[in-house]
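Undergrad: First to last, the sequence lines map onto chains V and L.
Its first residue numbered 41, the first sequence is counted upward by one per residue in this note's numbering.
Its first residue numbered 41, the second sequence is counted upward by one per residue in this note's numbering.
Some hints could be false.
Put simply, identical chains are the same to the list, so a pair is met inside one copy or across any two.
What the hints assert, rightly or not - Simulated pairs of lysine-lysine, BS3-like, Cα-Cα distance not exceeding 25 Å:
| no. | residue 1 | residue 2 |
| --- | --- | --- |
| 1 | K178 | K206 |
| 2 | K266 | K153 |
| 3 | K386 | K179 |
| 4 | K153 | K268 |
| 5 | K207 | K178 |
| 6 | K268 | K181 |
| 7 | K266 | K181 |
Note that these hints are calculated values from the structure, not bench results.
Note that the structure is a prediction, hence the values are computed from the model and not measured.
Protein chains: 2
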Amino acid sequence: MSELSRFNLNPPNRILMGPGPSNIPPRVQSAMTAPLLGYFDPYFFTVMDGTMSLLRSVFQTKNKLTFPISGTGSAGMEAGLGNFLEPGDVAVIGVNGFFGERMVEIASRCGAKVVRVVAEWGKTIAPEVLESALKAEKKVKLLALVQAETSTGVLQPLTEASRLAKKYGALFLVDTVTSLGGHEVAVDEWGIDICYSASQKCLSCPPGLAPFTANDAALTMVQTRKHKVSSWYLDLSLLSAYWSEGASARVYHHTAPVCMVYALYEALAVVVAEGLDARYQRHLRNGAALQAGLEAMGLTLFAEKGYRLATLTAVRVPPGVNDARVRQRLLNEFNIEIGGGLGALKGQLWRIGLMGHSSTEQNVLLFLYALGKLLAEEGYKVEPEVGVAAAAQALRKK
Amino acid sequence: MSELSRFNLNPPNRILMGPGPSNIPPRVQSAMTAPLLGYFDPYFFTVMDGTMSLLRSVFQTKNKLTFPISGTGSAGMEAGLGNFLEPGDVAVIGVNGFFGERMVEIASRCGAKVVRVVAEWGKTIAPEVLESALKAEKKVKLLALVQAETSTGVLQPLTEASRLAKKYGALFLVDTVTSLGGHEVAVDEWGIDICYSASQKCLSCPPGLAPFTANDAALTMVQTRKHKVSSWYLDLSLLSAYWSEGASARVYHHTAPVCMVYALYEALAVVVAEGLDARYQRHLRNGAALQAGLEAMGLTLFAEKGYRLATLTAVRVPPGVNDARVRQRLLNEFNIEIGGGLGALKGQLWRIGLMGHSSTEQNVLLFLYALGKLLAEEGYKVEPEVGVAAAAQALRKK
Chain V
41 MSELSRFNLN PPNRILMGPG PSNIPPRVQS AMTAPLLGYF DPYFFTVMDG
91 TMSLLRSVFQ TKNKLTFPIS GTGSAGMEAG LGNFLEPGDV AVIGVNGFFG
141 ERMVEIASRC GAKVVRVVAE WGKTIAPEVL ESALKAEKKV KLLALVQAET
191 STGVLQPLTE ASRLAKKYGA LFLVDTVTSL GGHEVAVDEW GIDICYSASQ
241 KCLSCPPGLA PFTANDAALT MVQTRKHKVS SWYLDLSLLS AYWSEGASAR
291 VYHHTAPVCM VYALYEALAV VVAEGLDARY QRHLRNGAAL QAGLEAMGLT
341 LFAEKGYRLA TLTAVRVPPG VNDARVRQRL LNEFNIEIGG GLGALKGQLW
391 RIGLMGHSST EQNVLLFLYA LGKLLAEEGY KVEPEVGVAA AAQALRKK
Chain L
41 MSELSRFNLN PPNRILMGPG PSNIPPRVQS AMTAPLLGYF DPYFFTVMDG
91 TMSLLRSVFQ TKNKLTFPIS GTGSAGMEAG LGNFLEPGDV AVIGVNGFFG
141 ERMVEIASRC GAKVVRVVAE WGKTIAPEVL ESALKAEKKV KLLALVQAET
191 STGVLQPLTE ASRLAKKYGA LFLVDTVTSL GGHEVAVDEW GIDICYSASQ
241 KCLSCPPGLA PFTANDAALT MVQTRKHKVS SWYLDLSLLS AYWSEGASAR
291 VYHHTAPVCM VYALYEALAV VVAEGLDARY QRHLRNGAAL QAGLEAMGLT
341 LFAEKGYRLA TLTAVRVPPG VNDARVRQRL LNEFNIEIGG GLGALKGQLW
391 RIGLMGHSST EQNVLLFLYA LGKLLAEEGY KVEPEVGVAA AAQALRKK
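Whole structure, please, built from the sequences with the hints as guidance.
TA: This is the structure in structure tokens:
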């Protein structure tokens, strides 16, 4: 392959409004090109310390074990389940979307007995059904819920579930992949024992890391397991010896993805500099404006009213409109990426992300303008500007 | 945390001559800041295609299943063992260093019966001992060797082992973490069934990805397993549906670490542009010069003569010299990182990497000058310039 014939890496500038990744701030982008260091370099140790400390602020926790797993959000999910479930353990898992199903799949591979607590996709999981599942088993090791179901746009309430986990002596695990840094996640206050997220959503860091936290009670369970964790790569007892408190005590496990850690460090600093409350408010405001615009256009939001994510809005593709063609045109004519439906909802849903750096007024307005224009051209009966006008009004009033 | 009090990310410029990461070319660094795309973006699909194609060139294979695993080299190891070993399977694993031991640990967690074929650290594993291990078992599923033992600097010959694997009907797995892109790795010609590496060594991409390849025979074994692979994240049957041949057939698994894939793409393009043979020769030449310099200083190379890696040289810390202090001074006074000994060799070895972009004449010369100066200052009886002079002579003659 000659140098000249080689494909030249020159990606287009997309507006990332899909289910993640979101766009990343210039500061985060630059961080990746900071000089590369070895995984035992004293300077890198200070970056690790800073990353752990910022991550604790964002997770709102004092947990010692708080660091990024060297893999994407799904690796975080696998670490969260695989370290705590042993063959024969019982896990109660809430399933109201694609990522709840993924937890079931991963927990099953751990050899756990999985009790699925199902709600219709688009709805939340009620505490009563969780409690009857917990009550029906002799001993439940772990109760797992997805706070922000990326497949449906549902925001799952956690307070009652946390109380129930404690009542029945189960660890409480929460997936915050599409919420951390966008919706509030208060690990300690809410009594969450194990929590993971992903770098590329509301934290606006490139994909590749899974922020993770677990409290001492959970860590003790890992250290007193009967069988070793089946994954050596994700074994928290080994990982926590590298991501330890004191630099002098750090033990080599695997080579840390140094540039990605730089990026996460910087992304977390951006989050903390904005302020958590201000950031949640920004997400809520822009999400509400988007949803107002979509409803003004006569479209149907998928998630139950009152439990809608601001970070990810799922909306039904209107009858007669070609899902794939609209998404293609958004990409080609406006450089806007949105997501389609997952699993059974393929072809029926659009999933519009407003996460982190992508959650802006201009993205809301441009997207609704673009969608109005395209839907009118695709034969859907709509006043093209009604959506953007409704969103503008919502933005002005808040 | 106020914006002003925040730790300012400003890593020093190190010369990375440890066991990895190596320094990365500016082109690779810039690639990481190319505009971020979604994992289903048509443009990203072309980057995936290019990455798979370049990776096939570098692995010297036609294997369809050839792509980067979304984790570091150890995730590659876990994918390589975990997908092919089921509970009760027999694995014969060569152990002559730290990373052979790691393979044993990971294979054991798969529930496999592991037969360790041990050689003294610093020596190669002889075909005869491999054969007696293979012969002693009724059915061996997999024979695994480390081509380049990063802990000892040994280059393991593979030809005979490959023939034996075939003779006894075992899959042949080779760890090329510290060789791919530095020493020759000819997957198809050498009859390797499963092979993995790491991005941050002789490919000079940042750490975070594990290049991986397996042939159809191996992939069929994954698809006909009795039990599911315990790791969902590393399950090749799922991963290969995303990293598939035709873009139209790609199935979502996890969010690809897009910026890291950009960097790997560019790093592989740099390797292919240099030419594999030219690259191997450069590594051999610089490695030999370094080793000539070290021996001229009276130091003892750790690996068996004739089987020394060019990419990583292990040398004994001379008696009376403080290992940690010398490495500290190299870092502080010259910005040079080298590695110390692993496991039982802690405090006794220095491990000097000359990998990828770090394998240069100037690094060889600077390092030997620096080491000569420091050793003389630390009381070791040596003519400080004898090493650098010997290396210069070796470089001039080749």
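Undergrad: Run every hint past the structure and note whether it holds.
TA: Against the structure, the hints come out as follows:
1. K178 - K206: Intra 15 Å, inter 51 Å, cutoff 25 Å: intra-copy only.
2. K266 - K153: both (17 Å within a copy, 19 Å between copies)
3. K386 - K179: neither (37 Å within a copy, 45 Å between copies)
4. K153 - K268: both (18 Å within a copy, 15 Å between copies)
5. K207 - K178: Classified as within: same-chain Cα gap 13 Å, cross-chain 52 Å, threshold 25 Å.
6. K268 - K181: both (17 Å within a copy, 22 Å between copies)
7. K266 - K181: within (14 Å within a copy, 27 Å between copies)
Consistency note: the structure conflicts with earlier hint 3 alone.
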